[in-house]
Amino acid sequence: MSGDRSRIGAAHAAPHDRAARAAPQGGSTNDGSAPGASAAVPPAFDAAGFDAAAFAEPAASAVGLTLVPAHMPGVVRFLAIAAEMAATVDAAPLDERALTPAPVFRLPGPYDNEPSR
Amino acid sequence: MSLSPFASAAAIARAVNAGETTARAVTEAALGHIAATDESVNAFSAVTSARALAAADAVDAARAAGRTAPLAGVPFAVKNLFDLAGHTTVAGAKITAADAPARRDADLVTAMEAAGAVCVGALHMGEFAYDFTGENDHYGPCRNPHDTARMTGGSSSGCGGATAAGMAPISLGSDTNGSLRVPASLCGIFSLKPTYGRLSRGGTYPFVDSLDHLGPLARTVEDLALAYDALITADTARDHGAARHPAAPAGDLSGRAPRVGMLRGWFEATASDEANERRDRAAAAFGTPADVEIDGAEAGRAAAYLITNSESAAFHLPRLRTEAAAFDPDTRDRFLAGALLPAAWVARAQRVRWWWLGQVMAAFDAADVDVLMVPATPFTAPAIGQKTLTLAGRTVPLRPNLGLLAQPFSCIGLPVVTVPVFAPGEMPIGMQIIARPWQEATALRAAARLEAAGFRAHAPALAAATASAAVAPAT
Numbered sequence: 001m002s003g004d005r006s007r008i009g010a011a012h013a014a015p016h017d018r019a020a021r022a023a024p025q026g027g028s029t030n031d032g033s034a035p036g037a038s039a040a041v042p043p044a045f046d047a048a049g050f051d052a053a054a055f056a057e058p059a060a061s062a063v064g065l066t067l068v069p070a071h072m073p074g075v076v077r078f079l080a081i082a083a084e085m086a087a088t089v090d091a092a093p094l095d096e097r098a099l100t101p102a103p104v105f106r107l108p109g110p111y112d113n114e115p116s117r
Numbered sequence: 001m002s003l004s005p006f007a008s009a010a011a012i013a014r015a016v017n018a019g020e021t022t023a024r025a026v027t028e029a030a031l032g033h034i035a036a037t038d039e040s041v042n043a044f045s046a047v048t049s050a051r052a053l054a055a056a057d058a059v060d061a062a063r064a065a066g067r068t069a070p071l072a073g074v075p076f077a078v079k080n081l082f083d084l085a086g087h088t089t090v091a092g093a094k095i096t097a098a099d100a101p102a103r104r105d106a107d108l109v110t111a112m113e114a115a116g117a118v119c120v121g122a123l124h125m126g127e128f129a130y131d132f133t134g135e136n137d138h139y140g141p142c143r144n145p146h147d148t149a150r151m152t153g154g155s156s157s158g159c160g161g162a163t164a165a166g167m168a169p170i171s172l173g174s175d176t177n178g179s180l181r182v183p184a185s186l187c188g189i190f191s192l193k194p195t196y197g198r199l200s201r202g203g204t205y206p207f208v209d210s211l212d213h214l215g216p217l218a219r220t221v222e223d224l225a226l227a228y229d230a231l232i233t234a235d236t237a238r239d240h241g242a243a244r245h246p247a248a249p250a251g252d253l254s255g256r257a258p259r260v261g262m263l264r265g266w267f268e269a270t271a272s273d274e275a276n277e278r279r280d281r282a283a284a285a286f287g288t289p290a291d292v293e294i295d296g297a298e299a300g301r302a303a304a305y306l307i308t309n310s311e312s313a314a315f316h317l318p319r320l321r322t323e324a325a326a327f328d329p330d331t332r333d334r335f336l337a338g339a340l341l342p343a344a345w346v347a348r349a350q351r352v353r354w355w356w357l358g359q360v361m362a363a364f365d366a367a368d369v370d371v372l373m374v375p376a377t378p379f380t381a382p383a384i385g386q387k388t389l390t391l392a393g394r395t396v397p398l399r400p401n402l403g404l405l406a407q408p409f410s411c412i413g414l415p416v417v418t419v420p421v422f423a424p425g426e427m428p429i430g431m432q433i434i435a436r437p438w439q440e441a442t443a444l445r446a447a448a449r450l451e452a453a454g455f456r457a458h459a460p461a462l463a464a465a466t467a468s469a470a471v472a473p474a475t
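Chains A and B, in that order, give the protein sequences.
Per this note's numbering, the first sequence runs over residues 1 to 117.
Per this note's numbering, the second sequence runs over residues 1 to 475.
Hint data in this document are derived by calculation from the structure and do not stem from the laboratory.
Note that CB positions come from ideal geometry on N, CA and C, so glycine has one too.
It is possible that some hints are incorrect.
Some chain A residues close to chain B (C-beta under 10 Å, calculated; not the full set) [claimed, not checked]: (1) A52; (2) F55; (3) V63; (4) F78; (5) E84; (6) A86; (7) T88; (8) L94; (9) D95.
Working from the sequences, and respecting the hints, build out all of it.
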C-alpha cells in the first residue's frame, strides 16, 4: 500500500528563520554562541502543577469578569485542558532566539504552479 | 426539463444557460425541497424566498438578453455569520438576535450572485462558531441527513446538513479549526478551505481573526471549483488579512496526477481504526503513496487550541462580562476560561504555530509530494448529545476534540479539500487533502482523482425520499 517513508524530526528550522537572518556573519552571535543555541534547556511548564480552581477567581477579577458558581466547574475543566495545551507548546523545541508573536499570519509563496505577482 | 435536488451546480448552470430550464423553476424547486426536508435536518435559520425569486428572475432576464453565467440559477445558502442585507447576522447566538440587520451582503455572497447563483437562505451554526458538533442550545441541533440521530459536525453545521440533503448544491461556511472539514466529513460531502488570506472575510461575523477562513461546501469537486472560481473574484478591501497574492482559477481537474503522502505517526495513532481503514481505501486510488511522519503535530494542534481560546474570548469579553448567562452553556465556559489564559501561553502558541508550519513544509519537500492525506475527523458522526470520545485509549471531552485532526492545518493556513469516503449504507467520513500554500488547484485535482475512483457524495435516504415532490418542471 505505501511506499517511501519520510520523517521530519523535531529540530527542523522554521521556513523563514528571523534569528538566523539576524545573526552576525560568521555564524555566531554577540556572545559567541551558535545562532539559536541555548546554554541550558529551561524547565518546561508542568500542567500537573497548575491549580485551575485557585487561578480562576483572581484571573477573572483581573479582566473584569465575575464567575458565578454555576460556571466554575466548566471554567476549571477548560482551564485544565488549556494548561495541558500550554505544556505541549512549551515543550516544542523552538529556536529560543526566534520570535513570532504576530497575530496576522502571512504564508510564503508563490509555488510552482502559481503565477508570480 | 426538471432537475433533481441532487443535480450538481454545474448541471443546473448548464441547463439554465442552455434554456432547458429557468432559474425561477430551479429556485422554486429548491424552496419546495427545503420546505419538505428541513424539518428533519434543521439546517436553515432563514429561508430568503423573496430575495431568491427576485434574483432568479434577474438571472432569467439576463439569459433572455443573451448573457450566460458560470453559476446561473444555482441555489446556495450561507452560514449565518455571513451578512445578508436586511437580515440580522446572528452567528448562532441568541444575544445577537436583536442586533441591527446587515446593510449590505458579505463580499463572498456578492461574488456568488455576480456569477449567477441564487441565495436561498441562512444556515444554522454553533454559537459564535466555537463548536465541532452541530449542537446549539438556542436553536436546536442540526441533524445529519444520513442518520438524524447523529451530529452534522460543526460549526458550519447547517452547511453540512443542507448540502448533503440536497437543499443547496453549494453552501458557504467558515473554518477556524476545522469548521468546514468536520461537517463535510460527517455529512459526506466535499469542502474547500482555501489558503489563509485567499478569500475575503468582509461582511462576516469574526471568531478568531488570525485563524478564520471562509470557503465552499458542495457535492462534487467540479462544483467546489466553480464556487472557488467565483469566490476569488470577490472584492477584498474589507478584509485586512486578505493576501496580496494572485489567485488562479481551479483549472483542469483532470491534469497531472498529484504525488500523495499519507500522514502517519500522531495522526494515525489519534484516528480510529475505522478512519484509518477509510484512509487506506482512498489511498488505493493513488497507487503507492509515500508514508509521511511529522514530529510536532500535537504541538501545532495545541497552539491552535490556545490561540483560538484566548483570541475569541478576548473578542467576546464585553459580552461575557454582561451577558454570560445568555451564552450557550457549551460555549460559555470555554469562552470564560479562554479570557483568563496567561499571555505567555498564547505568545508561545504563536511561535509554535510558525515552527509547526516549518515542520510541515519540510515534510512536503522531504517526501517529494504535492499533497498530504489524513482523515478529517477521528470518527464517523457521534450521536447527538454525546459528550465524550475515546481517543488513543483516553476518554476526552467530545466538543474540543472532534476536530483535532483538522486543527493542525487551519492553524498554519494551508489549503485543504475534504473528500467523502463511504459506501451507500455506511456513515461518511472525509479525507483531508492538504496542499502547499496557495495550491488550491493541486488539492482540487487530487480530490477529483478520488471522486473519479468512486469516492463521492451519496444522497442520504432521508432527503431522497422527499426529493421527488420538490422537483418542478421547467416553465
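Looking back at the hints listed earlier, which ones does the structure fail to meet?
none
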